[in-house]
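K.L.:
In the order they appear, the protein sequences are chains B and D.
Take the first sequence: its letters are residues 46 to 180, numbered as in the numbering used here.
Take the second sequence: its letters are residues 808 to 1661, numbered as in the numbering used here.
Check the hints yourself; a few may be wrong.
Simulated pairs of lysine-lysine, DSS-like, Cα-Cα distance not exceeding 25 Å [what the hints assert, rightly or not]:
id, chain 1, residue 1, chain 2, residue 2
1, D, Lys1134, D, Lys1163
2, D, Lys1163, D, Lys1575
3, D, Lys1400, D, Lys1605
4, D, Lys1483, B, Lys146
5, D, Lys1371, B, Lys146
6, D, Lys1523, B, Lys146
7, D, Lys1647, B, Lys146
Calculated directly from the structure, the hints in this document are not laboratory data.
Single-letter residue listing:
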Amino acid sequence: MTVMTAPAPAAAVAAPIPTAVPAASPAAGPVWQPVCAVEDIWPDTGVCALLGGRQIAVFRLADGGLHAIDNHDPNSGANVLWRGIVGDLGGEPVVASPIYKHHYRLRDGGCIENPDTPLATHAVELRDGIVWVEA
Amino acid sequence: MHQQRLVVVGNGMVGHRFVQELLALHPDLPAAGLAVTVLGEEPRPAYDRVHLSSFFSGTSADELSLVEPGFYQRPGLRLRLNARVASIERRNNTLQLADGEVLAYDKLVLATGSYPFVPPVPGRERDACHVYRTIEDLEAMQASGARSASGVVVGGGLLGLECAKALRDMGLRTHVVEFAPRLMVAQVDDGGGRILRRKIEDLGVQVHTERNTAEITDGATARHRMVFADGSWLETDMIVFSAGIRARDELARRCLLAVGPRGGVVIDDHCRSSDADIYAIGECASWNEQVFGLVAPGYDMARVAARHIGGGADAAFAGADMSTKLKLMGVDVASIGDAQGRTRGALSCVFTDEIKQIYKKLVVSADRKRLLGAVLVGDAAEYGTLLQMMLNGIALPEAPEQLILPAADGAAKAGLGVDALPDGAVLCSCNNVSKGQLCAAVADGARTIGELKSATRAGTSCGGCVPLVTQVLNAELKRQGVEVTNHLCEHFPHSRQELYHLVRVGGIRSFAELLHRHGTGRGCDICKPVAASILASCWNDFILNQDQARLQDSNDYFLGNIQKDGSYSAVPRVAAGEITPEQLIAIGRIAKKYDLYTKITGGQRIDLFGAQVHQLPLIWRELVDAGFESGHAYGKSLRTVKSCVGSTWCRYGVQDSVGMAIRLENRYKGLRSPHKIKFGVSGCTRECAEAQGKDVGVIATERGWNLYVCGNGGMKPRHAELLASDLDEATLVRMIDRFLMFYIRTADRLQRTSTWRDNLEGGLDYLKAVILEDSLGLGAELEAEMAHVVGSYACEWKKAIEDPALLRRMRTFVNSDAADDNIVFVRERGQIRPATAAEKLQCFKGIAVVAETA
Ligand code: SRM
Ligand SMILES: Cc1cc2nc3c(=O)[nH]c(=O)nc-3n(C[C@H](O)[C@H](O)[C@H](O)COP(=O)(O)OP(=O)(O)OC[C@H]3O[C@@H](n4cnc5c(N)ncnc54)[C@H](O)[C@@H]3O)c2cc1C
Ligand code: SF4
Ligand code: FES
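The shape of chain D in the complex, shown without the other chains (with noise of 0.2 Å):
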């Protein structure tokens, strides 16, 4: 069989998605008669540019990547990377690469994307002005931003918003500079302008419009200077081109092929362009005189072509919706259909409410009854409602100012109900996923999200669909009889929040009562832990009364971390990690007294480990005697304030940081979560405390404190996002108070800061508006809930040691004084160490082992 050479000039997100659709009809390419080369001109396969930006905030390339391993490895497939195509030769269908290598083609599928428009603007080539495109832009980008201090976007469009949020996160001062009188022209009207711009000058970007830039010289403050062409100047020491895309169809120019008005390679309802054998596909196709800026439309283009080229002639492509949602910097934006209120006859309802910066607007049509397109700024909620009632021409209920008005004293809204929607409406557009292909998949099994996405894609582009997405699943779970539940476990069927709530309003003191009113069984190792922590949190009665300690896991019941051979670790706390010699001597006394093995910790104090449970009262007793109370290092609670040594000592602190770390540590201490929390305390900008990795972080600054929150190290590292800034000591402290209680209210069991954030509904705007607006109006109460438990705090091990019946349950053996023997040790660098497997053995057939590193 003749073997039909396939090539594809580009592997972006669309040439990668050729070729993933091109696999889906052919698994078999060999066999298929097909023979597939991939030119991709950048140095790595496809990646996920939508998701570009995420890559300043710690995402790395190979995770930005849309390629599995391996999946170009297979028979009758090529990629080859670095491969810029130079020229195409029409007249005997070859095409020739930057290197001069010559390729011939059967089909040739362009796709080839967009480049960034510079405006020819003298001085643009300077050093530290740059695009925002691909991924060596972004690393360019943050090399020139480690030696900034002020940053400029040119142009205030979705890119050039994005692109400010980048830098700001970079820590630069920036600007956004926008030619057109707002920001979002393409998208929002002025009504939905004017708020946006509000929104991202609060965020602490400044947006000058309506100017355009004449020249870039030096500047005499900072690396450039922009001149205006009305006269005016801004300094900066960074800028970035964000002024559209032009589509790139400098290959299809130079061998003829018919371009479109505005650029881009005029192809058919089939992709094809004004050459049979050529098609072009994503960016770089001009469809109806439309150049698509969006990823949606290429892969709608990418399924298309690729049944074309396999013969499937009614295979056609008929334009695309262009509707968007986005989250700009923490500000939700959307917009609709016409959103400018095009169309004849439309009529408009808009809501403003400038207080708390929401602005909506519908676009109706004529007659009424069908919804033409919306914009939603500040809160978009409703899009996917919205969306799906102008995409399938729903009608509009009777007042449909209602859509988009706040409902009354926070009842739910009546949305629409994905029952509503016919099974044709695409609800994913970004993977042209329809209900009726979602209902499918949960029929076929589907039973998550997860699988739910690798079954059908929907939701793995933009992740704008998942809300409806999800919708559609616990629909189509709840019809077939599945149960969808977040229940603690199989004793008690309520999640952990609504068992807090249960607990603080029903007045529940024990774990009996609890079980006896919400729950059956007898409890078990996971509803047990998070009853005893919700009780803490709500009366701070001490954890090892009768009815608690049972309740508390091992770590907590016998007050210390067990290891894995089953002994203890002591960690006393060293507030902020300050610690006087004497304290020093202390530790170092008792721990050679019991021969403990000490360690430096993680958390800036010193952990003592190899204490069997008859031992901790003695050793603990010592540690309290000396002055030192428990460290909680065995509790889901605060566990260290981490500090840095501050203006005290430091040439560049601005505050003392280890004072307020000391009284943040004091305060909170004790404190019983739904996991353990960490707090840093960083005396100025360089942030040696690393607070930015912690759930809370406090940073000083010359008028303050920064607080930020929901940071984590650990299995996921989280930046800690900025909550307030420049905050005095009470109001610090306040907000602090608000922020946990809150968290501790609401989170799920071993739910961390920041998975909780990551899964709050409504995000950082709405965290914010609870803890700094008081927007629950609980501020009061939070507070309150804080001051009881910061009262009622009492050092566990000291209470221990002083309570009998406790004590005689610290015992290894009910019936003996003995030791457990299964606990044994060796010497290594002149410390103890569990003794290994093999060592054991030879202890126990009575050969004294000594281990010493040689």
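Isolated chain B (complex conformation) (with noise of 0.2 Å):
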């Protein structure tokens, strides 16, 4: 039988406990942020950033184009969008999530395979080689 118990020790838990309260200042908007250089994202791949404790996966396509949608995947309840394969499908880029294969496309974070689950969109632009997103 599994037994919980509370309070225990923090080092019972292996994760960390959550270092941030998820969105940081709810009140304030979303804000421009900047995340990285944009050679960090190697072509056709994704990075996950994180933004006032919120995840968000950010994808450079080959020609040069910026998307971010949230790392999230409602289907399978893991953070693993970044690391999904890249490509469209019917001409409209995707991410297909590594867990269970749906695709999201990434201007509007619309799932294909199930309409009810789509993700957040987030506004990116490169500034000086910079990657910036709103969030």
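Make the complex out of the two chains shown on their own, each in a separate frame, by following the hints.
P.N.:
Quick look at the structure:
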């Protein structure tokens, strides 16, 4: 039988206790924040940025296009979308979740297999070789 | 309305088909005034006797069943099993069951089939003497086989040979004893019989012709001794009689129905016996003094009888074509029409190739215009075409020999296009389905062979017509403008096999180039990993360089297996499962340091779970320092070579299986392929490494190694097949090189060797020809390609941890050193495991969670 006891020494939890509260300053609204140098994102791949406690997957396409969507894959419950394969379906740029291969559109965050689970998208810009995301 | 009581005796293949036909005519039996009772003597409802032998290769009794669940549970229909009819009383239209119960009938249908004939040899009742007809017979054979080393089949006909295969597959020394001077007397002529015999003997079955068994007594070296009329003898542990069948007409005889000269209930064209209330169908019936031992004529009779009983006075049985095509022990044998050339003035045209062991004969009419019959042994590819020519009286081409001669330099032979066939041509003889019916079904929306099968039943019995049915399907779809493709995805109008060829021949080294030259768009999660795998199989460049990294599936990208919570596992290679205490300690130490969950895998190695992306390089640096390499658990590549302990320790081992397994694992590690590849090496025939369940299985013999290929565990288990025996190590390795490279060249995406093999045209014989006899002249090329891959192997993790650009990519966040707080573990049985959603919620509320098993 599984027994849960509380409170317990912090060491008993193997993962770090959440460091940041989700959404740092909701009242202030989204703000532009620098993320990384554009070379840090290899063409046609993604990285994950931690912005105010929120995980955002940022993709750079081979043609230079940049896209940012939430990193959380609601269909598997894991924070993994930056690790998906980038490509297109019917001309529409998408990322395939590495867990159960749901495809999310990079432009509007829509999920092709499950329309009930769209993702938030974020504005991205390249300024002097630095990728900025509004979150 | 008066209920008509219809009783069917026998729930075999034909009896069941009769009920199906009846239901097709009268879906609502009570409304049609019918009360149907089916009486079956066997303990189970109708099953596929035609595929009975597949019971030995693992098909269960349930899978053989022909009866969908619930089929007999409908109003007006009743099936009683274990119900043998003992007698029929025609005076008052009743019958009596073996348990004494009496039933009345208005109409009676006999579908009692036949029984195996056992020659009246003294000693035939001894223990471990069998027949081959029912599932119970096979169960008994299996039990005897388990305590036997040798077996004899009496009878070298169709069934006898099928039975011999079953004995051989059980691992017995197998003999076939035949009374006639050749095998399959009924179907093939002398020339075909000779080739057939040689082929069968090559497969390790000894054939003894012109032997008449006089008696069976105690053996000196085995359970039985079979003494033949000429005084010679043969010793064996078990015997199976397969000396022909006899119609089960005993009920009919006892109630004085007319019986044919060779047995069987005499029936007219409506399948009615000499009593107008009694019908007989299937193998128990005799029509025109003929008894049909095949299922197709029986199905036809079932259709006729069902119609006639329902008032369809013009339904008539018109005889049946007895052409057959079979694969006996992997040998194709076919006989069409007048195979023996008995028609007056018939001419024959024969092609024999004793090297390739192929025999083909055409029997042509005296005016040379029409095909009367044919015999094909060793290669029956033309069966469908020739059969249709014969059945439809299609005019022979000017040089009929071209129909059977091998095409020059492998060019495709101009077969008989399905377009040439009339609509009335019956393509599926088992189920009496014509080309016109197939076309109609396609017009009604059938798009796949599966849909076509369920719409028409074509191809669902012996399966022999499937190639032709597929041709019709494709031709019809094409005509309708429906595209039939095996394209990988929307980005490439090619199959994986074609892409492989394009990459290798075009010297293409990057995805961008491949897409530019042969594709469109950006690619996707289907074509990118396929391209990455092909590039790796061909050139073996580092899979994580900038061009290739983005093609990789997440597992390859991070050189680990992703888990449900987004964390990864690490699996160091433990070749053949051999591991030193130091290595065990090192794994333990590292796992403890990073608090990883450890588990022994099903592949004889240790999996370490619970690493986040940024921890992978740290963990692997320590593993590499301790001497470990990547185990490629993430790749579509060689997984493990499972070994048993072998002759080094084991008292039965005949070769060093561990040593061999280590050498094989080290040779093929890192090899990228269409799907994962697993090996097993066993040190003796007890097979503790389960090599016959692997893509490549190696089993030690006294004289070397037996090589098995295309086995599979997993979702659809498949036994591996013996490719070659008693190989020395160098030859074994060469054959595996060729086999793997040929598979890599030709398989589809995500096709394990087992499915690839099941779809390989020409089957095991073809594979043997390509690999062992180098029939395509590819051997040296395949070996060279493998040599390149073997020579350019490098441990992916070792390279990764020395590559700063790559290490930068292995971070959980690009802008922070934090960890993913969505990955939460709790402790259970002394190790971590992913927290459940509920446990996570508590954790996020700030309540620490400890889970311990009590
Ligand atoms: C870890 C392990 C289970 C274990 O704890 O024992 C395992 C774990 C997984 N197996 Fe397996 N299989 C493991 C041995 C097996 C075996 C047993 C064997 O190899 O002797 C089989 C049956 C044998 C066979 O393959 O024929 C097996 C048949 C499968 C299949 C079905 C393949 C098939 O052809 O039907 C899949 C699915 C697939 O590959 O498409 C699969 C897929 C998987 C995946 C990759 C599923 C996934 O995508 O997450 C799992 C990866 C977990 C991980 O992180 O490592 N696993 N899997 C075993 C790793 C062996 C190793 O050391 O590498
Ligand atoms: C191993 C094997 C392989 C074969 N391969 C092929 C092939 O490749 N192609 C082909 O066309 N044919 C093949 N056949 C032949 C095919 O199976 C038969 O033609 C077909 O089963 C005949 O059907 P049936 O209904 O007439 O007889 P069965 O299927 O034998 O059914 C008769 C049923 O009636 C029952 N029965 C008999 N008497 C009574 C009674 N008094 N009371 C109640 N029930 C009774 C029996 O128990 C049996 O269940 C093969 C047969 C075997 C054994
Ligand atoms: S059997 Fe299923 S659950 Fe178990 S390891 Fe294999 S894939 Fe995972
Ligand atoms: S001919 Fe036997 S299934 Fe079609």
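K.L.:
Now tell me if each hint is right for this structure.
P.N.:
To see whether the hints hold, each was checked on the structure:
1. The hinted pair formed by D:Lys1134 and D:Lys1163 meets the criterion: a straight-line CA distance of about 17 Å does not exceed 25 Å.
2. Between D:Lys1163 and D:Lys1575 the alpha-carbon distance is near 12 Å, which keeps this suggested pair within the 25 Å criterion.
3. A threshold of 25 Å between alpha carbons decides the hint, and for D:Lys1400 with D:Lys1605 the separation of about 20 Å falls inside it, so the pair holds.
4. For the given pair, D:Lys1483 sits about 19 Å from B:Lys146 by alpha-carbon distance, which is consistent with the 25 Å threshold.
5. Proposed proximity of D:Lys1371 and B:Lys146 is supported: the alpha carbons are some 12 Å apart, at most 25 Å.
6. In summary, the hint linking D:Lys1523 to B:Lys146 is supported, as the alpha carbons are separated by about 23 Å, within the 25 Å threshold.
7. Taking the CA atoms of D:Lys1647 and B:Lys146, the gap is about 24 Å. The hint holds against a cut of 25 Å.
The structure agrees with every numbered hint stated previously.
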